[in-house]
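Chemist: Chain by chain, the residues:
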Amino acid sequence: AQSVTQPDIHITVSEGASLELRCNYSYGATPYLFWYVQSPGQGLQLLLKYFSGDTLVQGIKGFEAEFKRSQSSFNLRKPSVHWSDAAEYFCAVGARGGGADGLTFGKGTHLIIQP
Amino acid sequence: DTGVSQNPRHKITKRGQNVTFRCDPISEHNRLYWYRQTLGQGPEFLTYFQNEAQLEKSRLLSDRFSAERPKGSFSTLEIQRTEQGDSAMYLCASIKSGTGGLDTQYFGPGTRLTVL
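If you read the sequences in order, they're chains A and B. The opening residue of the first sequence carries number 154 in the working numbering; numbering runs sequentially from there. The opening residue of the second sequence carries number 9 in the working numbering; numbering runs sequentially from there.
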């Protein structure tokens, strides 16, 4: 069965500092990988996705992620965080076209931004 | 705003009552998913529809849960005889499948259910 592990439950970063959120996945086929962000009281917003091709993908709000098949990882990065980036971040894996089981999400990483 | 809407946004009910939630997906999206998200967890898949057909149900979806998508447009999720363990955020997502592998699920804002 597919699974996603986000090892860090909470991460605290100073405003302006760089950020890396870790994600490891387990999937039997070629994975389709996603990062979503959820702010309090809001739904999930897609930051970026990887389907194929270039393993470094760019997303919205200055985020990027790198797919490393050998490490089964899809870590999210941002060179300089802003206070507005404080939110819950979810990594997810899924099949093409959504798949019969939808997306499988990690438990999320709560990002706290220090002034 | 992703274009997926859910109503109501919040629902407080007493244990044993029935509740119904509605999801309106993006109009041209043919697949619709329901997820449940409890505190401190990521969303978990409940069920999905391809047009009006319900094609898959998670083992999380007990007999007290039923979902419909009667005309292949909006969907409803009903919980009968609610229990305190049903308290969660219920999320709906839609997708236009068959677009060459670039499908992305768009999520609504969710309905937060509190069972007292």
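Just so you know, the hints here were simulated from the structure itself, not pulled from any lab data. On a predicted model such as this, the values are computed, not experimentally measured, just so you know. Even glycine gets a Cβ: it sits at the ideal position worked out from N, Cα and C. Please note that the accuracy of each hint is not assured.
Ranges of calculated distance between the beta carbons of each label pair, as one might list FRET restraints [to be verified]:
no., chain 1, residue 1, chain 2, residue 2, range
1, B, Arg-17, A, Thr-158, 29 to 35 Å
2, B, Arg-23, A, Leu-209, 47 to 53 Å
3, B, Arg-17, A, Ser-179, 20 to 26 Å
4, A, Leu-209, B, Gln-25, 25 to 31 Å
5, A, Lys-260, B, Gln-62, 34 to 40 Å
6, A, Ser-179, B, Thr-46, 31 to 37 Å
7, A, His-263, B, Leu-124, 45 to 51 Å
8, A, Leu-209, B, Gly-48, 40 to 46 Å
Derived, one-sided and incomplete: chain B residues facing chain A with beta-carbon distance under 10 Å [to be verified]:
no., residue
9, Val-12
10, Asn-15
11, Pro-16
12, Ser-35
13, Tyr-43
14, Thr-55
15, Tyr-56
16, Asn-59
17, Ala-61
18, Leu-69
19, Phe-73
20, Glu-91
21, Gly-118
22, Thr-122
23, Leu-124
Chemist: Find the hints from earlier in the document that the structure breaks and name them by number, from lowest to highest.
Modeler: 3, 4, 5, 6, 7, 8, 10, 11, 12, 16, 17, 18, 19, 20, 22, 23
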